[in-house]
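Engineer: For the protein sequence lines, the chains are H and S, in the order given.
Just so it is clear: in the first sequence, position 181 is 181 by the working numbering, and no numbers are missing.
Just so it is clear: in the second sequence, position 125 is 125 by the working numbering, and no numbers are missing.
Source of the hints: derived by calculation from the structure; they are not laboratory data.
Please note that the accuracy of each hint is not assured.
Unchecked claim - Calculated lysine-lysine pairs in the DSSO-like style (CA-CA distance at most 30 Å, straight line):
hint : chain 1 : residue 1 : chain 2 : residue 2
1    : H       : Lys75     : S       : Lys283
2    : S       : Lys273    : H       : Lys75
3    : H       : Lys75     : S       : Lys319
4    : H       : Lys277    : H       : Lys295
5    : S       : Lys75     : H       : Lys319
6    : H       : Lys75     : S       : Lys186
7    : H       : Lys295    : H       : Lys320
8    : H       : Lys186    : S       : Lys75
9    : S       : Lys146    : H       : Lys146
10   : S       : Lys277    : H       : Lys75
11   : H       : Lys273    : H       : Lys186
12   : S       : Lys211    : S       : Lys75
13   : S       : Lys283    : S       : Lys320
14   : H       : Lys277    : S       : Lys75
15   : H       : Lys186    : H       : Lys277
16   : S       : Lys75     : H       : Lys283
17   : H       : Lys320    : H       : Lys273
18   : H       : Lys211    : H       : Lys75
19   : S       : Lys75     : H       : Lys273
20   : H       : Lys295    : H       : Lys319
21   : S       : Lys211    : S       : Lys283
22   : H       : Lys186    : S       : Lys320
23   : H       : Lys186    : S       : Lys211
24   : H       : Lys75     : S       : Lys320
25   : S       : Lys348    : H       : Lys320
26   : S       : Lys319    : H       : Lys211
Protein chains: 2
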Amino acid sequence: MNYHRPFGPDEYARRLVETKSRMDAAGFDLMICQDPANMAWLTGFDGWSFYVPQAVLVHAWEERPIWFGRAQDAKAALITTGLPASNIVGYSEPLIHHPVGHPFDELAELIVSRGWGAARIAVELDAHYYTARCHAHLTRGLSDAKLRDSGELVNWARLVKSDAELGLMREAGRICSATMDRALAKIAPGVPQYEVIAEVYHAQVMGVEGKFGDYTSLCPSLCPLIQVGEGTSTPHLTWTDEPLPDNTLIMMEIAGARHHYHAPLTRTIHLGKPPGKIVELTKVIVEGVDAALEKARPGVSCEEVEAVWQQVLNRNGIKKESRVGYSIGLNYPPDWGERTASLRPGDKTELQAGMCFHFQSGVWLEAYGAAVSEPFVVTQSGGERLCDVRRELIVID
Amino acid sequence: MNYHRPFGPDEYARRLVETKSRMDAAGFDLMICQDPANMAWLTGFDGWSFYVPQAVLVHAWEERPIWFGRAQDAKAALITTGLPASNIVGYSEPLIHHPVGHPFDELAELIVSRGWGAARIAVELDAHYYTARCHAHLTRGLSDAKLRDSGELVNWARLVKSDAELGLMREAGRICSATMDRALAKIAPGVPQYEVIAEVYHAQVMGVEGKFGDYTSLCPSLCPLIQVGEGTSTPHLTWTDEPLPDNTLIMMEIAGARHHYHAPLTRTIHLGKPPGKIVELTKVIVEGVDAALEKARPGVSCEEVEAVWQQVLNRNGIKKESRVGYSIGLNYPPDWGERTASLRPGDKTELQAGMCFHFQSGVWLEAYGAAVSEPFVVTQSGGERLCDVRRELIVID
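Start from the sequences, fold in the hints, and give me the full structure.
Structural biologist: Quick look at the structure:
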């Protein structure tokens, strides 16, 4: 199989230097990554195997990372990482779903056998797949080591994207735009929700200009905003077979992914003639996003970007929302955020060129809401949009 | 929104009784479930919010479970569970991705405030999203409690399906069959892999007979089996834009899902005239599956089913593989197995009518392999197939 690696060796070398420098500053000899995005970012490893324990190890004195995982996934590691076979370590199959033993018993043995049993070791205590049981087995097997939380060390190292990564982010943006356009072409009163979603999945994978898309880290969300009863919205519900009504407000959130780099986008759609107040709210949101993206330049802090958005809302008498964006890039299910910088009050992270964010500008009022989000790259001239889809309340009659 | 609950209140009442009985036997007062499938099975809760901490609590003396999660997901909990608002507890938004605080600080406070601070508490140490950090915060906040691993208590309670659940499993099987048929219609030499996958996603969501499908817990896998170099296969790689070659062996693994109940299926396809030895191997596999399914009746153990399969292989001079199946049912990403009974040597779980398994009959020889899997329900007359797709090496010229 001719596997297409999206990056050359220089890119991985740069990432390793960056990671080791952060390890040194934080006082770590060894980094154990279980976050699939961190594993991929460090080595190129790509496969749907994160539902079993696996990890990438970076040791300060080792030239290359070590991949540790299920024996049957070792071949995928060889193909996707290009690491030498000596740096690919498979664990015994019977340890899968074993009531007493655990793959990380063998990981601990590996670490001890390399002479790192008393090392200062970073683990990712809050990575989705680093379960309490993984940690318990590792702790027990490494009783002489000093295990501490990495504090999302590698996630933070991923924050500023290289030019090669930005190329993929822009391709993801084009896939996302094309997908949203296809969804908008399908949405109409009477169409069952799942028919729209089927189009979305098809478009996400077909991609654009011969560049195919990957599965995205969240399922597409098409959410009719409820205007009956208590009248609040419900994010994160998935689709049903309800036909779209004649007169309703819909929020659609999707992403495009290219080699697992994600560009997410939200648009608000009104079926039938929209009430004036929703048109007005959407205009305010678009104005707020424009102002924030204009502000998003190197040297400005995350909270300053949020403040600009907030000012536009306040000037229009709208109450604020706490977090209006988060960093994006390479990711795997179930989340496409990087879990690092947020555009919210108190986040003093200074923007640098090449950081990417999803400006998730949802505003929920008492009986209705709207969101017109934008994924963007920080540049010297402000936030560069990754997607190009109509920035307005989209009316479908 | 008219949310379609797939089950009535009696079904949830039955599940709660079953869970409490197992809690009693295991010596637990309180069960904390974070596994999304366990949360859904106990309450009906459904949403793509498992990337943030959340849980369902079952206390021995409480009539109904308690949902605990992010405040913005509380509405989805109300809609999907039908629990009274007093049993829906949202946590503070600033605790999301907080460097010091954690949502489970508030979960611990909730448990203490209910008078359960010294209870015998079951936690799911190996559930995908129960991270080491979740556990650390819960342990710290519940210093008087006795926390122990549940041993997949609720997963085991899910093993035997009710008639209503079996109805959904059969619908999932029909969706899976239709999806595989559409993939087979698309597969041909020269077609880029991703075009096949786009069809698969579309078919998975469109469903059959007006019954739409859900996202599945694993992405579809289309894997050209490598016959060059060391000649081994690589499960879990995802698709590329490589066109399918003129003469090659392909393994395709997909699922259909209905209200998150999964029926997975694997088929092996040869493009061009297949070598005789692969045709022969596939025949042996199909014979082995037939024999095993014939054996899979109430009272027989998991390892006995595996042994029957193994005998067919051995009689044909083929070396065995350790695990040949696992229980299936309701699930969420990233895995569709229930993490309980396995069809493998040493598993003495006794089959009961209504258990469901994926008989994953892959055989990997030195330079090639094949798999013709079947999801099935245990019945008095043997394993009832959930899918109906040609059981043979599928040749596409």
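Engineer: Hint by hint, note whether the structure agrees.
Structural biologist: These are the hints, each one checked on the structure:
1. Of the supplied pair hints, the one linking Lys75(H) and Lys283(S) holds, its CA atoms being roughly 27 Å apart against a limit of 30 Å.
2. Between Lys273(S) and Lys75(H), the direct Cα distance comes to roughly 27 Å. Compliance with the 30 Å bound is thereby established for this hinted pair.
3. The hinted pair formed by Lys75(H) and Lys319(S) meets the criterion: a straight-line CA distance of about 20 Å does not exceed 30 Å.
4. Taking the CA atoms of Lys277(H) and Lys295(H), the gap is near 27 Å; set against the 30 Å cutoff, the hint holds.
5. Taken as a hint, the Lys75(S) and Lys319(H) pair is honoured in the structure, with Cα atoms around 20 Å apart against an allowance of 30 Å.
6. Only pairs whose Cα atoms come within 30 Å are accepted, and Lys75(H) paired with Lys186(S) is accepted, the gap being roughly 28 Å.
7. Taking the CA atoms of Lys295(H) and Lys320(H), the gap is about 18 Å. The hint holds against a cut of 30 Å.
8. Between the alpha carbons of Lys186(H) and Lys75(S) the distance comes to roughly 28 Å, so the proposed pair stays at or under 30 Å and holds.
9. About 26 Å separates the Cα atoms of Lys146(S) and Lys146(H), which keeps this hinted pair within 30 Å; it holds.
10. Between the alpha carbons of Lys277(S) and Lys75(H) the distance comes to roughly 24 Å, so the proposed pair stays at or under 30 Å and holds.
11. Restraint check for Lys273(H) and Lys186(H): the C-alpha separation of about 18 Å stays at or below 30 Å, so the hint holds.
12. At roughly 25 Å between alpha-carbon atoms, Lys211(S) and Lys75(S) fall within 30 Å of each other, so this suggested pair holds.
13. For the given pair, Lys283(S) sits about 16 Å from Lys320(S) by alpha-carbon distance, which is consistent with the 30 Å threshold.
14. For the hint pairing Lys277(H) with Lys75(S), the CA-to-CA distance comes to about 24 Å; that is within 30 Å, so the pair holds.
15. Restraint check for Lys186(H) and Lys277(H): satisfied, since their Cα atoms lie roughly 26 Å apart, inside the 30 Å limit.
16. As the CA atoms of Lys75(S) and Lys283(H) are separated by approximately 27 Å, the hinted pair is consistent with the 30 Å bound.
17. Distance hint between Lys320(H) and Lys273(H) is fulfilled; the C-alpha atoms sit about 27 Å from each other, no more than 30 Å.
18. With a C-alpha separation of about 25 Å, the suggested pair Lys211(H) and Lys75(H) falls inside the 30 Å cut-off, and the hint holds.
19. With a C-alpha separation of about 27 Å, the suggested pairing of Lys75(S) with Lys273(H) holds against the 30 Å cut-off.
20. This hinted pair checks out: Lys295(H) and Lys319(H) have alpha carbons roughly 21 Å apart, not beyond 30 Å.
21. The suggested pairing of Lys211(S) with Lys283(S) is violated, with an alpha-carbon distance near 34 Å, which exceeds 30 Å.
22. Between the alpha carbons of Lys186(H) and Lys320(S) the distance comes to roughly 50 Å, so the proposed pair goes past 30 Å and is violated.
23. About 19 Å separates the Cα atoms of Lys186(H) and Lys211(S), which keeps this hinted pair within 30 Å; it holds.
24. For the proposed pair Lys75(H) and Lys320(S), the alpha carbon gap of about 20 Å is at most 30 Å, so the pair holds.
25. For the hint linking Lys348(S) to Lys320(H), the alpha-carbon distance of about 58 Å lies beyond 30 Å, and the restraint is violated.
26. A hinted pair counts as satisfied when its Cα atoms are at most 30 Å apart, and Lys319(S) with Lys211(H) does not qualify at roughly 41 Å.
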